[in-house]
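**Student:** Read off the chains here:
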Amino acid sequence: MDVFSDPRNIDATVSGFLWILKLTGASAVLALVLGVILAAMRVSPIPVLRLFGAAWVNIFRNTPLTLIIFFCYFGLYSTLGLSLSEDLNLNIYWLGVIGLSTYTAAFVCEAVRSGINTVPAGQAEAARAIGLTFAQTLRIIVLPQAGRAVVAPLGSILIALCKNSTIVGTIGLMESSSVMKDLINSYGNAGILIFAVFAGVFALLLIPTGYLFGWLANRLAVRR
Amino acid sequence: MTERSQAGELSGTDRPLIRLDGVNKWFGPLHVLQDVNLSVNRGEVVVVIGPSGSGKSTLCRTINRLEPINSGTITFDGQPLPAEGRALARLRSEVGMVFQSFNLFAHKTILENVTLGPIKVRKEKPESARQRALALLDRVGIASQANKFPAQLSGGQQQRAAIARALAMQPKAMLFDEPTSALDPEMVGEVLEVMTSLAADGMTMVVVTHEMGFARHAANRVIFMADGQLVEDAPPAEFFANPRSERAKDFLSKVLTH
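Residue numbers (the numbering used here), protein chains in the order written: chain B, 1 to 224; chain V, 225 to 482.
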């Protein structure tokens, strides 16, 4: 009956959430880098890059994440033979990171692009007027100001990413929601408690994250 | 065409520094620059005045190609303006520009605003760029504000910082696009003072402004524009005392009578 007095269950739960944190961490870094690059492409004067950025956003933002994660496993791994690690779990982990960051990058891109629109045109004009190139203007003047404008929405995207990472459980990683399902199967009577504990841990992780990003957004805001 | 009141200052000018030949520009159906010809010699201060919508800001912005033109040619220091890319960036680094709305980089301190161009464009060493920037900020009277952010400064201080930022590139010419139009009246003087001292130091300047006083005492030539056309081009004394065109007479009667 006592689900959480069995140390094996505690271990499984902890390791489930560790997978979530690792998935979120790696995917957040990759999605941020990729998303900023995509946003830069979408505002660049080169049509091919703009098209690429737009295609990425429209394809991955509008495909269910479950499909993308399934494709990473059944498409990239099973069919195309892309193996990212000897270790079974690590392989699934990295396939999951690919799927999550591909998907999340589309949202980061759009957030950053909307941030770029908050930067007054005069900022880029002044940058060009002192002789900065397009890339320098974007990197030194526009993106830093755009980034500061979208800290709060990026926080929301990060929170969504953290919760979305449970989907990697569907391709066999024992992350938190898979652990939860197993526990409920073994301890049917304690279903509500198990739900509450898992939901509670997510809340414990994510509510402070939300406040942290709110605080950061305020602190980093560009005063005009 | 180019009578100059202080021709003595312009010694050693073999060719004009800035030259516009038959420049045309449209904004959609609007013909904002109509066959504009203009040449500005080294060390010359040309003030462009005219009613709003006459194309004077657009004219100023075509000179460093912030506005591309539809036909005609613009040459700077003997070279036609490059269309794009690094060559254009290099040209722009040689032409300082001061905007109506200052456009200081909002996320950087005043000092960083001034050193950015020298470091990133000219690849100067940060320390020497910093020294020169501090000297320039001192020159425009805001050395004590060096470590503040633009939003913490008054409009007049921001505009003087923007002038220092442009000067830090050691430009061959400076463009001023209505530099005092966004300022509270009590701050116009401090900005005009800096501009006047620049003019006295022999900087080549193209100044779009509504400050008739500045035009009178600091300009070598006054250009009057209306409806996209360059209507008059004369030394200030002659222009203000004796405008030739009806449009200039009309404009001056409106701005000078009160």
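Please note that a few of the clues may not be correct.
Computed footprint of chain B on chain V, listed as stretches where at least three residues anywhere in the stretch have a Cβ under 8 Å from a Cβ of chain B [stated by the list, open to error]:
#1 327-333
#2 341-347
#3 387-393
Hint data in this document are derived by calculation from the structure and do not stem from the laboratory. Beta carbons are placed, not taken as given, at the ideal position from N, Cα and C, and that holds for glycine.
**Student:** Going back to the hint list, which numbers does this structure go against?
**Tutor:** Going through the list in order, the structure violates no hint and respects every one.
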